[in-house]
Amino acid sequence: MSIDFLILMKSEMSLTLIIFILLSLKVFTNDKNHVALLNLTNILLAANFVFGFFFNASGELFNGMFHTNNVIALEKNILNLGTLIVSLQAFDWLKNHKHLLEFYVLLLTTLLGMDFMISSGNFLMFFLGLELSSIPLAALANLDLEKRKSSEAAMKMILSSAFASCITLFGISLLYGTTGTLNFAEMPKHLTGSELQLFSFIFIFTGFAFKLSAVPFHLWTADVYEGAPVPVTSYLSVISKGSIVFIFISVLFTLFRSFEGMWYNMLYLTIVLTITIGNLFAIRQNNIKRFLAFSSIAQVGYILLGLSSGTGAGATSAIYFLIVYTFSNLGAFGVIALVSAHAGKEEITDYKGFYANNPTLSWVLTISLFSLAGIPPTAGFFGKMFLVTAGAGKGNYVLVTIAVMNMVVSLYYYLRIVRSIFMDKNETPIAKLKGSNSIKLALAVCMIGVVVTGFATGLFENINTLIGK
Amino acid sequence: MLSAGLIALIPLLPIFCFVLIALVGKHAFPKFCGMLGTLSILGSFVLSVVVAFQYFFQVGKVNGVYQQLIPIKFEWLQFSPNVSIDMGILLDPISVMMILVVTFISLMVHIYSLGYMKGEERYATYYGFLGLFTFSMLGLVLSSNIFQIYIFWELVGVSSYLLIGFYFDRPSAVAAAKKAFIVTRFADLGFLIGILILAFYSGTLDFQTLITRLTTPTDQLNAITSASFMGMSALMWGLVLVFIGGAGKSAMFPLHIWLPDAMEGPTPVSALIHAATMVVAGVFLVARLFPIYSLSCPSALDVVAYVGIFSSFFAAIIACTQTDIKRVLAYSTMSQIGYMMFALGVSGYGGEHGLGYMASMFHLFTHAMFKALLFLGAGAVIHYVHSNEMKDMGGLRKLMPVTHITFLVACLAIAGIPPFAGFFSKEEILQAAFQSNKLIYVVAVVTAAITAFYMFRLYFSIFWNKSLTPALSKGEGDGHVHHSEGTVSMLMPLVILGALSLIAGFVPFGKLVTSDGKELLTEFHIGFSVAPVLLAAAGIWLAYSFYKKENARPQNMVDSMKRLYKNAYNKFYVDEIYLFITKKVIFNLIGRPAAWFDRNVVDGTMNMIATITEKTSYSIKALQSGKLQQYSIYFFSGVIGFVLLFIYLWK
Amino acid sequence: MNLSLLILVPLLTAIAVLFCSNSTQVKWVSFIGSLGQLGLATYTMFAYMGARTGGNTSQMLFESRYAWYPALGIEYYVGIDGISIAMLMLTAIVVVAGVLVSWNIKRLSKEFFFLLLLLSVGAYGFFISLDLFTMFFFLEVAVIPKFLLIGIWGSGKKEYSAMKLALMLMSGSALVLIGLLCLYFNTTAINGKHTFDLLQIAHQHIPIEAQRFIFPLMFVGFGVFTALFPFHTWVPDGHSSAPTAASMFLAGISMKLGGYGCLRVATYLMPEAAHEYSWIIILLSTIAIIYGAFATLMQTDLKYINAYSSVSHCGFILFGIGMLTQTAITGAVMQMVSHGLMTALFFGAIGMIYERTHTRMVAQLGGLLKAIPFIITVFVIAGLCSLGLPGFSGFVAEMTVFMGAWQRSGMFNHVATVLACASIVVTAVYILRAVGSSVMGPIKNQEFVTIPDARWNEKLASGLLIAGIVVIGIAPFLLNGLILPDTHVIMDNISRGVVGLK
Amino acid sequence: MGIGLLHILFVSIALFFIGVYGFLTRRNMITMLMSIELILNSININFIAFNKFLYSDKLDGLFFTVFIITIAAAEAAVAIAIIINLYRNYKSIDIEDADTMKY
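Protein chains in written order, with my numbering: chain A, 1 to 469; chain B, 1001 to 1651; chain C, 2001 to 2502; chain D, 3001 to 3103.
Bear in mind the hints are in silico, worked out from the structure with no lab data behind them.
Treat the hints with care, as some may be off.
[Stated by the list, open to error] Straight-line C-alpha distance at most 35 Å; calculated DSBU-like pairs for lysine-lysine:
#  : chain 1 : residue 1 : chain 2 : residue 2
1  : C       : Lys-2444  : B       : Lys-1584
2  : A       : Lys-149   : A       : Lys-425
3  : A       : Lys-425   : C       : Lys-2370
4  : B       : Lys-1031  : C       : Lys-2370
5  : B       : Lys-1627  : A       : Lys-147
6  : C       : Lys-2370  : A       : Lys-345
7  : C       : Lys-2444  : B       : Lys-1026
8  : B       : Lys-1549  : B       : Lys-1398
9  : B       : Lys-1391  : A       : Lys-149
10 : D       : Lys-3058  : B       : Lys-1615
11 : A       : Lys-394   : A       : Lys-149
12 : A       : Lys-147   : D       : Lys-3102
13 : A       : Lys-149   : B       : Lys-1549
14 : B       : Lys-1398  : B       : Lys-1518
15 : C       : Lys-2157  : A       : Lys-432
16 : C       : Lys-2157  : C       : Lys-2370
17 : A       : Lys-425   : B       : Lys-1621
18 : C       : Lys-2157  : B       : Lys-1583
19 : A       : Lys-425   : A       : Lys-32
20 : A       : Lys-345   : B       : Lys-1026
21 : B       : Lys-1615  : A       : Lys-394
22 : A       : Lys-345   : B       : Lys-1571
23 : B       : Lys-1391  : B       : Lys-1118
24 : D       : Lys-3091  : A       : Lys-26
25 : B       : Lys-1118  : C       : Lys-2444
26 : B       : Lys-1391  : C       : Lys-2106
27 : C       : Lys-2193  : C       : Lys-2459
28 : A       : Lys-98    : B       : Lys-1627
29 : A       : Lys-345   : A       : Lys-147
30 : C       : Lys-2444  : B       : Lys-1583
31 : B       : Lys-1511  : B       : Lys-1061
32 : C       : Lys-2370  : B       : Lys-1584
33 : B       : Lys-1583  : B       : Lys-1391
34 : A       : Lys-394   : A       : Lys-345
35 : A       : Lys-189   : D       : Lys-3102
36 : B       : Lys-1118  : C       : Lys-2370
37 : C       : Lys-2193  : C       : Lys-2444
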């Protein structure tokens, strides 16, 4: 039992360990050497990531409240990798930041929460994981304490996510009332499709939609992304969102499979709205973070499109896309983090003539944006293709058409930034930036990921086989 | 007997010469290019003579009928197993006659140009283009496939374009070249569609097969005659459209407008292309397809006849009023080709009925000689006077004796005075017309008289009239004394052509070139010739009285029919009508609206889609108001909306 | 013969370019790489012809496949037939010429050549793909480099044009994508897996109801690339703003992607729908031909003239495909090759003129024949080819299209053919106008007297393109023999599907 | 007839909507936070009621309630901390004032 316990919860264990190490560092040392501390943390996170590949087992604990298997291990690895990259990218920002350790403790706590959430086999565990991952995030958003935008973002985040949690919880409570269980494994047996159950399902669904920032539950996203510090934004947009997608997959595919007819329609509407509204808002943004917020909203639409298929291929594509999305979005955010940390500029107009002094960074940003837009040969192309293919499997070509045509709209605004970088003239372009090695490493990892993932066919196949099991 | 390789060399020598000049000669040995070109064409000419001799007297005739021989043929472009463009050589009386004419005139022009074009900056290019033209023309007449003829047809057109535009820094030359190309291109469109129609129904592009299928009762013939469109049978359409192609090249009304302008090119070129060879391509084309016209669709042949006679008459009238000597010659060319055309038009197929055909070919042959001579002579005059205008000339007979005599011979020939070449061919044409259509005959005779008049008007104005033009007498004082009549290379062709204009009429054409290949014995009615010759003589006399000495009679005449004169002088405003149609109607009513439509409507729609997207984006921005409670309201109404929608409405 | 080399060589060249230290190296590396690719393409052609004469009658040669995403039935699957060979040769020649005319690119030359080569990778890959997914992948690879090429190195309102081009082409490929997915899910599943395999789909029968829906998507999608009316408006803006080499690539290669797709994917796989919709295709392409020609009449900028004429000429491609007779389809393929070479030459010549005179306005040029005879000769040759002069490739292609079109009976088709034929007259008018006023006549600007004539690289580039044009023009049986068996295969599929056609 | 499940559910629903109404209309952030608590309490009541009336053999609902209360406390703590920090920057805890980021 005990060894099982250790192995099954190894991811959570190792994260907890890191959190404790960091906390004890905070308590027992008075070290002002931020660089060393950051390097140590990064090494720990890297070790955590590598560790994630070993000793994977499947099984469940606590009467099915916690369960894990290879897919979940993979998902946790994706999150670990994302966190590692975010952490590497945060280097330049954190180097001079007062609350370095708090950042990490909060960050890793949320990661821990996500791990629990993904592994949850029970609504209680799910709820705990969800809250554990979202409450510290709000605090993280407020990490630039003296910035108005930062505190506003945090406030918006905590209040709206509390509200959303309430709605979800209300749904869960009704569901509990109709089924008498909170266990994922048992619940489907009790799902009769009564109106109250549908009510509660919609409430739960909207909770997920909120977290995923699907339209019309997305409105907090842009403000929070804009106000939060760049690493937090990137974390929010990739890891936080990713974890929700992972649990959403199992919630939809296993728990509420019997409501498929309904949630397909709900997804249909949500996808159309999300992609369209996301794109329409993204078109005229000038703050690059806000812009990426809307772009990530649109991206979620595509993930949901993949999920809407309700098949293993859909789940595979969604997970695959999240890997790709991690690389591409973090690639873009890495450059933005660098620019923000060194030049303090976050407007798209600031990027005019960026290529003049920073060719490499420009290419990184450009390739990441291309990947987001789904342009081959970047991995984003494959990710999008698979999602759309999965979505088309349902035979709803209206939806596919809307999604695909929106890809063109999205191309417009991605290219707008590329245009600023390469073509627009600027009297005072951003000077040559010298990033730290860790941020360079992060960007390199992202670029390799963006370029290679699409051709590494084994990855997709493996996920597919895992899901198939 | 006939060596295929040698025959192939006839057209290939000039094109080799062209390629050599274009790639190497222009830079390496520009001075020698003229000689090179002349030698190559001499080779072609000699070969043609050999071939002609062999064909006419040794191998061509089987059982008293000249055969169509195909020494070379290879598949050039296959469309389908049955339909393909073949490159081949078809030898029959007309093509053999044509290669003789083409190589000969071309040789004369090459020699003439050695002197005429000496010192030109683009001397080498000129010879290159001449080679290209000769190749195309020879290819055209030797074609064994209707599409092959179209290919060379186009090539001839472009060489003509290049040569007319030879003096490319003169805007008028550029415009003329463009006009010539576009007008003939427009006509070629007819030709092309005609080919498509004929090929579609007959299922072949090969001349022999095509003619066989469309003249003997076969399925194809049934199909093509029974299909009709707008009241005309498909065959009629096809043939008329092909004729339009021919009419364009041969400057028949109303597609003649390019020919006078084409005189912007160097004069030897006018002699070669726009008088003797290329412009008769249309006649040749009709002659080539003559069995189909004649046997299967006589009404198409009527079109040919009437267009021919009208053009002939029309051009003759205009020619009387022109003052630019080359233009006069151009209109006379048009008139003479009209002659050939209507001769074909009134002809029947085979035997006695084929007189018109034979006459037409005969006239083509003789006309090539004397018209080339006229142009070369005119070229010599222009070379001497440095002007094209009649008013700058006069009294040149003393200064240019050789030119004078040869020009006179040519004029007599074209006027149809016996025993010059033109007399015989013209007489037979008139005879053919007399046999079949009296109206055409009458007009033709009148035209012959007018021809005599304007040719001698030209002759007298150049060589007699004013004793010496003021410009020239002044010129002599200014040290232009060295001005001689021209080099030997220029005079030699004149003399040769003059001699031929004298004797070409005695060629026994009826034995050689007939519609069905059989011998056609023509009887010579002295009585029949009286009227035309007298009329021609009257025309000459009139010209004599008007233009021998400077006098007021022409002016009086002009005044007496002012209106006609003005119209004729302005070429009956055909150019203006075209200009109106193209510039005003096509440009303003089609081109400009199309361009506008494209920029504003089609492109505008695309831009509008973008604008609408952006506008929408702006108009919904208030959704994101920045106020948390509004967000929550949206959120909550989203929840309620979903509940209502998915639980109650969208089951 | 490993076809993947055709993708690898340009790709490796592109990567090698990134490691060059100065622009001279960049140029030479690109040149040698593209020349090597031309050699490789030529070798492929001979190997192909050798195999064919050796009696190999399989539809595609040198096939190689590799399961890319087996879960979705996606394969990397390449193979070639005569049509692909023709397109490969076209691409290889245009790429070499494009590299050569870009010899003087000073600004960001490394990036320029990299993108140029990347674009060519897309084209090569597209032409040899036999798997629809692979094909689509390469199709999109070939789009975005154009955006950057035009936007960074272009002239005029380049950002606008670049954006417009990228968006319109991407819309086209988006339609293709939708069609592709529909097609995929309408294939018969084997082991629960659908297929993207082109040949396999061709042998399966796509239900007519599905075809009715998919065909328009595919055809219009690919049609956008080939300037299908009314989706052609990216052409004038895109071409006119692009740098010379990009214009050459755009018109020479990129527009052919669409034509090839229309033929190979849309028509080949969905013959019944192609037959049902053929009147619409014919209508639209006839409009494109005529209207493009008339719109060209009004243009005053040389590049706009050629761009609009491309609309008109590419109309012939779609026209030929729409006519659905073997000859017409052969003609369409020929027109692709011919137009590719010819328009590349035209743009190349215009680029050379522009580089020297700094203007492209017809009214401001004049008499250039005296000043820069070589370039102008090239320009005139391109013009003559464009107006369909025998001896050049344009004539052969257009005539084949016309012959083929006329074989399709029906008054509507005949009238359309006559109208299409009529465009050659208009073509003559605008080409001669352009030639007449821009290169003939007296020299308008005294500055032009001293401008230098073509350099070796420009001569080589034009020579290469002219050689291609002339070889096809004089010996069309070579090209015809190459593609005829394969259009026959396509035709077979069409006539199997459509009873009563042919 | 005593107090049954429906009565309790009625109360909880009422609480829920009161909470939502409060959240949507109150401009003071602290009051909004209180509204959140109201909603959470309505959920707690739900859980307890369901547990007691329907599924009294297990204690799922009860435990859930305990965790909700705990989490609510944590949430409130963080929220109040954030609001305090916001007050430092904005000198206001009116929700309408915090709309720097919009559109």
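Item to check | Distance restraint between Lys-1391 (chain B) and Lys-2106 (chain C), which requires alpha-carbon spacing of 35 Å or less | outcome: Violated - the C-alpha atoms of Lys-2106 (chain C) and Lys-1391 (chain B) are around 61 Å apart, more than 35 Å.
Checklist entry - Does Lys-1621 (chain B) lie within 35 Å of Lys-425 (chain A) when you go C-alpha to C-alpha? => result This hinted pair holds, its Cα atoms lying about 28 Å apart.
Next on the checklist: Can you confirm whether the C-alpha distance between Lys-345 (chain A) and Lys-1571 (chain B) stays at or below 35 Å?
Outcome noted: Not satisfied, since the Cα-Cα distance of roughly 77 Å exceeds 35 Å.
Next on the checklist: With the threshold set at 35 Å, check whether the alpha-carbon distance from Lys-1391 (chain B) to Lys-1118 (chain B) stays at or below it.
Outcome noted: OK: Lys-1391 (chain B) and Lys-1118 (chain B) at ~27 Å, within 35 Å.
Next on the checklist: Holds or violated: Lys-98 (chain A) and Lys-1627 (chain B), Cα atoms, limit 35 Å.
Outcome noted: Holds. Lys-98 (chain A) to Lys-1627 (chain B) sits at ~30 Å (cutoff 35 Å).
Checklist entry - Do the alpha carbons of Lys-345 (chain A) and Lys-147 (chain A) lie within 35 Å of each other, as the hint requires? => result 15 Å, holds
Item to check | Hinted pair Lys-1627 (chain B) and Lys-147 (chain A), Cα distance within 35 Å | outcome: 18 Å, holds
Checklist entry - CA of Lys-394 (chain A) to CA of Lys-149 (chain A), is that 35 Å or under? => result Roughly 43 Å between the alpha carbons, so the hint for Lys-394 (chain A) and Lys-149 (chain A) is violated.
Checklist entry - Going straight from one Cα to the other, do Lys-1398 (chain B) and Lys-1518 (chain B) come out at no more than 35 Å? => result At roughly 49 Å apart (the allowed maximum being 35 Å), Lys-1518 (chain B) and Lys-1398 (chain B) break the hint.
Item to check | Pair hint Lys-2370 (chain C) and Lys-345 (chain A), alpha-carbon separation not exceeding 35 Å | outcome: 56 Å, violated
Checklist entry - Is the straight-line distance between the alpha-carbon of Lys-149 (chain A) and that of Lys-1549 (chain B) 35 Å or less? => result Distance of about 107 Å is beyond 35 Å: violated.
Checklist entry - For the pair supplied as a hint, Lys-2444 (chain C) and Lys-1026 (chain B), is the alpha-carbon distance within the 35 Å limit? => result 26 Å, holds
Hint compliance for this structure: hints 3, 6, 9, 10, 11, 13, 14, 19, 20, 22, 26, 27, 34, 35 and 37 are not met, and every other hint is.
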